[in-house]
Amino acid sequence: MTSAQATLTISYALSPPEDTNAPPSLAPNSGHDFAVEAEKTGTTGEYYEALHKSIVAAREKLGDELTAWRNAVGNAEAGKEKAAEAAQGEEEEEEEEE
Numbered sequence: 046m047t048s049a050q051a052t053l054t055i056s057y058a059l060s061p062p063e064d065t066n067a068p069p070s071l072a073p074n075s076g077h078d079f080a081v082e083a084e085k086t087g088t089t090g091e092y093y094e095a096l097h098k099s100i101v102a103a104r105e106k107l108g109d110e111l112t113a114w115r116n117a118v119g120n121a122e123a124g125k126e127k128a129a130e131a132a133q134g135e136e137e138e139e140e141e142e143e
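If you read the sequence shown in my numbering, its first letter stands for residue 46, the second for the next number, and so on.
It is possible that part of the hints are untrue.
Taking lysine to any residue pairs in the SDA-like style, the calculated list, with each CA pair at most 20 Å apart, reads [to be verified]: (1) K98 <-> I55; (2) K98 <-> V81; (3) K106 <-> K85; (4) K85 <-> T52; (5) K106 <-> T54; (6) K98 <-> S56; (7) K85 <-> K98; (8) K98 <-> L53; (9) K106 <-> V118; (10) K106 <-> E63; (11) K98 <-> F79; (12) K106 <-> E82; (13) K106 <-> T52; (14) K106 <-> N116; (15) K85 <-> L96.
Using C-beta positions, here's what the derived DEER-type ranges look like [stated by the list, open to error]: (16) K98 <-> A123: 34 to 42 Å; (17) E84 <-> G108: 24 to 32 Å; (18) T88 <-> P62: 44 to 52 Å; (19) A123 <-> S70: 36 to 44 Å; (20) E63 <-> L107: 18 to 26 Å; (21) Y93 <-> D64: 42 to 50 Å; (22) L96 <-> S56: 15 to 23 Å; (23) E63 <-> L96: 37 to 45 Å; (24) Y57 <-> A123: 22 to 30 Å; (25) L53 <-> P73: 19 to 27 Å; (26) K106 <-> P69: 17 to 25 Å; (27) T65 <-> K98: 28 to 36 Å.
Derived from the structure by calculation, the hints contain no laboratory data.
Bear in mind the structure is a predicted one, so any value in this text is a computation, not a measurement.
C-beta: ideal position from N, C-alpha, C; glycine also.
Can you build the whole structure from these sequences, using the hints too?
Here is the structure:
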């Protein structure tokens, strides 16, 4: 293998709606580095096994963060839907009274 340490780098830049109430631990722009822990003198198979482990770790980390973002945005959208349904219900009641 090469003499430099291999690293898997993943980054993302999200543009959530402005009214999204995300936890302070979440940043809309983030990046992570995952070291590929392979021996310099190892075989190609050992390298790909180490790479696979790094990919699994990256997928778990990214999955956790993006799930938290999905939940934050989803909660904000659910609140909008409830407000819209309530407003529509009030309009229908007013029409029935007339």
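Hints, verified against the model:
With a C-alpha separation of about 15 Å, the suggested pairing of K98 with I55 holds against the 20 Å cut-off. For the proposed pair K98 and V81, the alpha carbon gap of about 8 Å is at most 20 Å, so the pair holds. As the CA atoms of K106 and K85 are separated by approximately 26 Å, the hinted pair breaks the 20 Å bound. Note on K85 and T52: the hinted pairing holds, with a Cα-Cα distance of about 13 Å set against a maximum of 20 Å.
Restraint check for K106 and T54: satisfied, since their Cα atoms lie roughly 12 Å apart, inside the 20 Å limit. Of the supplied pair hints, the one linking K98 and S56 holds, its CA atoms being roughly 18 Å apart against a limit of 20 Å. Distance check on the hinted pair: K85 and K98 sit about 17 Å apart at the alpha-carbon level, within 20 Å; holds. For a cut-off of 20 Å, the pair hint linking K98 to L53 stands: about 11 Å separates their Cα positions.
Taking the CA atoms of K106 and V118, the gap is near 19 Å; set against the 20 Å cutoff, the hint holds. With a C-alpha separation of about 24 Å, the suggested pairing of K106 with E63 is violated against the 20 Å cut-off. This hinted pair checks out: K98 and F79 have alpha carbons roughly 9 Å apart, not beyond 20 Å. With a CA separation close to 17 Å, the supplied pair K106 and E82 stays within the 20 Å bound.
Of the pairs offered as hints, the one joining K106 and T52 holds, with about 15 Å between alpha carbons and a cut-off of 20 Å not exceeded. Between the alpha carbons of K106 and N116 the distance comes to roughly 16 Å, so the proposed pair stays at or under 20 Å and holds. Distance hint between K85 and L96 is fulfilled; the C-alpha atoms sit about 13 Å from each other, no more than 20 Å. Under the hint 34 to 42 Å, the C-beta atoms of K98 and A123, about 37 Å apart, fit the expected range.
Checked against the hint of 24 to 32 Å, the pair E84 and G108 passes, with Cβ atoms roughly 28 Å apart. Between T88 and P62 the beta carbon distance is about 49 Å. The supplied range of 44 to 52 Å therefore holds. Checked against the given bound of 36 to 44 Å, the beta carbons of A123 and S70, roughly 21 Å apart, lie outside it. At about 24 Å, the beta-carbon gap between E63 and L107 stays in the expected band of 18 to 26 Å.
Taken as a hint, the range 42 to 50 Å holds for the pair Y93 and D64, whose Cβ atoms sit roughly 44 Å apart. For L96 and S56, the Cβ-Cβ distance of about 18 Å falls inside the hinted range of 15 to 23 Å, so the restraint holds. About 39 Å separates the C-beta atoms of E63 and L96, a value consistent with the hinted range of 37 to 45 Å. Between Y57 and A123, the C-beta spacing of about 23 Å keeps the proposed range 22 to 30 Å intact.
In this structure the supplied range 19 to 27 Å holds for L53 paired with P73, their Cβ-Cβ distance being about 21 Å. A hinted range of 17 to 25 Å holds for the C-beta pair K106 and P69, which are about 18 Å apart. In this structure, T65 and K98 meet the distance hint of 28 to 36 Å, their C-beta atoms being roughly 33 Å apart.
When the structure is compared with the earlier hints, violations turn up for hints 3, 10 and 19 and for no others.
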